[in-house]
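Protein sequences appear in the order of chains F and E. Going by my numbering, the letters in the first sequence line up with residues 2 to 221, in that order. Going by my numbering, the letters in the second sequence line up with residues 273 to 464, in that order.
Keep in mind that the hints were calculated from the coordinates and are not lab data. The C-beta atom is built at its ideal place from N, Cα and C for all residues, glycine as well. A portion of the hints provided could be inaccurate.
[Said to hold, decoys possible] If you only want the chain F side, here are some residues facing chain E, beta carbon under 8 Å, derived: (1) ARG43; (2) VAL87; (3) ARG91; (4) ALA159; (5) THR162; (6) PRO165; (7) ARG168; (8) LYS172; (9) LEU179; (10) VAL187; (11) ASN201.
[As the list claims (entries may be wrong)] Which residues of chain E face chain F? A few of them, derived with a C-beta cut under 8 Å, are: (12) ASP293; (13) ARG315; (14) VAL415; (15) ARG443.
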Amino acid sequence: MADALPSELVGLLNAPDPAAREAAWDRLVDRHSRLLLHVARRFGRDHDAAMDDYAYILEQLREDGFRRLRGYADDGRSKFTTWLVVVARRLCLDHQRVRYGRYSNGKVADRAEAARVARRRLVDLLVENVDPADLVAPAEDPHEALEARQRSEAISAAVATLEPGDRLLVKLRFEDGLGAREIAQVMGLPTPFHVYRRLNTVFENLRAALRRGGVERAAT
Amino acid sequence: MNADLGTRTHLEATEVAAYLDRTLGLAERARAEAHLAECDGCRREVTEVSGLVRVRNRARGPSRLLVPLAVAAALVLVLARRDLMRSDQPLMREPGLVTAATPVPIAPRGVASSHRFLWSAVPGADRYRLTLFAHDGAVAWEVQVAETTATLPTTTRLVTGALYYWKVEARVGFQRWLASDLTEFAVSPSRE
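Just chain F, with the same shape it has in the complex (with noise of 0.2 Å):
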């Protein structure tokens, strides 16, 4: 379970007049400036903009009598400091969209396009003798185009039947690309080996899956 909650905030939160207040605000940002300007430089796109990025979040934390504040009080189940850095990054993509427009690091399309590689790797680790080209460029002859979107189909489909960690596990891997440590960090699977033997028996079960809805050529 997570700690009780930290001194500064019960403080802040708990303080008898406006004086105390500010007081407890001032022990709250000395604690956790640097946690706060940590996450402001992963987005800022320069030293100002960073500094800005943190001036609007310690603005933002303050708003409406703390009540960003109050409800991570009234929740309470993870981590002061792992809720703050949610909450942090939240407000700097807000500063970034309301000065700069909608945030993009530039890489939509690299996405879509890494997505793509991505379903067509874990076609190839399903299914034999597939050429990955036949998934993304129009087949010249109908038929195969045909066996290749029904393939496509029933592994979305066998995908679809996972339990929602192996879901995710997939996505993690084959559609966002993370490698298995990040993916241990992100799911709480205590090595990156326990991902990967995750994934082999996740494997097997979309196979197995695949071979029962008729894909004949799901490697055994």
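For chain F, the structure is supplied; the task is to place chain E on it using the hints.
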């Protein structure tokens, strides 16, 4: 849990943080993962926050390895910072992020016929520990060497076509090892 997940709104900040801190109950976790599997935005958020928190934790360092001199140095820094904070100007410094190079597995990877293991050197490392895992997680072989290469002994037989995983750790200090990612390979029929 956000009651509107069925209509594909996003996870609340508290839910994202609780998911990453592993404090959600089983049912809540399953619902969160079901949503994350479908929502690119939330999945991107979880991935980025996981990375931010990981870098922050790495920068803080393993407290169990603090020695008295390091503790004294940390106290000096805290006292100095308090003095600086008394000024009117807010203090905004670069965070002291620490990144250390880890060994990078070079071979074998993918489908391999050679049983010679090769990896990149790590500055300051005086020893490397290689661990080979079978597909079920059992340790198939472990060795420590001073160089950046090791050869599987003939007494350790690998199964053709089976998947194996290996990692290498570099010793860079007292009880301090830097580990590589796990690398996967399958054994091809011919052996060098």
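Next item on the list: Could you check the structure against the hints above and give me the numbers of any it violates, in ascending order?
Entry: Structure breaks hints 4, 5, 14, 15.
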